[in-house]
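J.: Position chain B against the provided structure of chain A, taking the given hints into account.
Number of protein chains: 2
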Amino acid sequence: MIAETPEPPYYAVIFSSTRTEGDHGYSDMADRMIELAKQQNGFLGIETARNDLGITVSYWSSLHAIKNWKENVEHSVARNKGRKDWYKNFVTRIARVEQDYRFDKE
Amino acid sequence: MIAETPEPPYYAVIFSSTRTEGDHGYSDMADRMIELAKQQNGFLGIETARNDLGITVSYWSSLHAIKNWKENVEHSVARNKGRKDWYKNFVTRIARVEQDYRFDKE
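In the order they appear, the protein sequences are chains A and B. By our numbering, the letter at position 30 of the first sequence is numbered 30, and the numbering carries on one by one without gaps. By our numbering, the letter at position 53 of the second sequence is numbered 53, and the numbering carries on one by one without gaps.
Bound conformation, chain A alone (with noise of 0.2 angstroms):
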């Protein structure tokens, strides 16, 4: 659901992908990606939904902790894929969050 993010400054990934036809295994890794994320230092939540088009959002304290979680082996082993077999088109795009407002409902 909506992570839940402190305070900014921090950091986002927007990972916004096209697939290709049929699963080759890409739910599985999907779900053992999230793990693993969760696992790494820095760390702050994610978020993903798709239709046509997919939007994962991971938070993260720094740059440095999406560095780390870039030369994670086991994630360079999945990019690797998702290159060759699970997506058409992707954007990974690197962001700075400044502000956020939050509503819940009562």
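It cannot be assumed that every hint is accurate.
The list makes no distinction among identical chains, and a pair is therefore deemed to hold if it is satisfied within one copy or across any two copies.
To be verified - Within a straight-line C-alpha distance of at most 30 angstroms, the following computed DSS-like cross-link-like pairs (lysine-lysine) qualify:
| # | residue 1 | residue 2 |
| --- | --- | --- |
| 1 | K105 | K88 |
| 2 | K88 | K38 |
| 3 | K70 | K105 |
| 4 | K38 | K105 |
| 5 | K81 | K70 |
| 6 | K81 | K105 |
| 7 | K88 | K70 |
| 8 | K67 | K105 |
| 9 | K105 | K84 |
Derived by calculation from the structure, the hints in this document are not laboratory data.
T.: Chain B alone, transformed into the frame defined by chain A:
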């Protein structure tokens, strides 16, 4: 689909939300807000996906453009209706995109 944004830096508004039950005019207004956003100065693109969680990311050339969009009268009316009728919870995050990477399968 995936937004065709220029070279960074630029800005992202990450809007993550959970809905109330029923439509209550939401779908029409969501379509209208996307059309209206596209007409604003400094608008660069928009991506949206929804399962249980909805994520809409709009991209903008500057914080000034985001402020103007926030102050748009029709958008303000829709936001008020969003708090009243459409959303259980939402978080709006304003972020500066510092790097991006694109992949397109041939």
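J.: Would you list, in rising numerical order, the hints stated earlier that this structure does not obey?
T.: Hint check: nothing fails, all pass.
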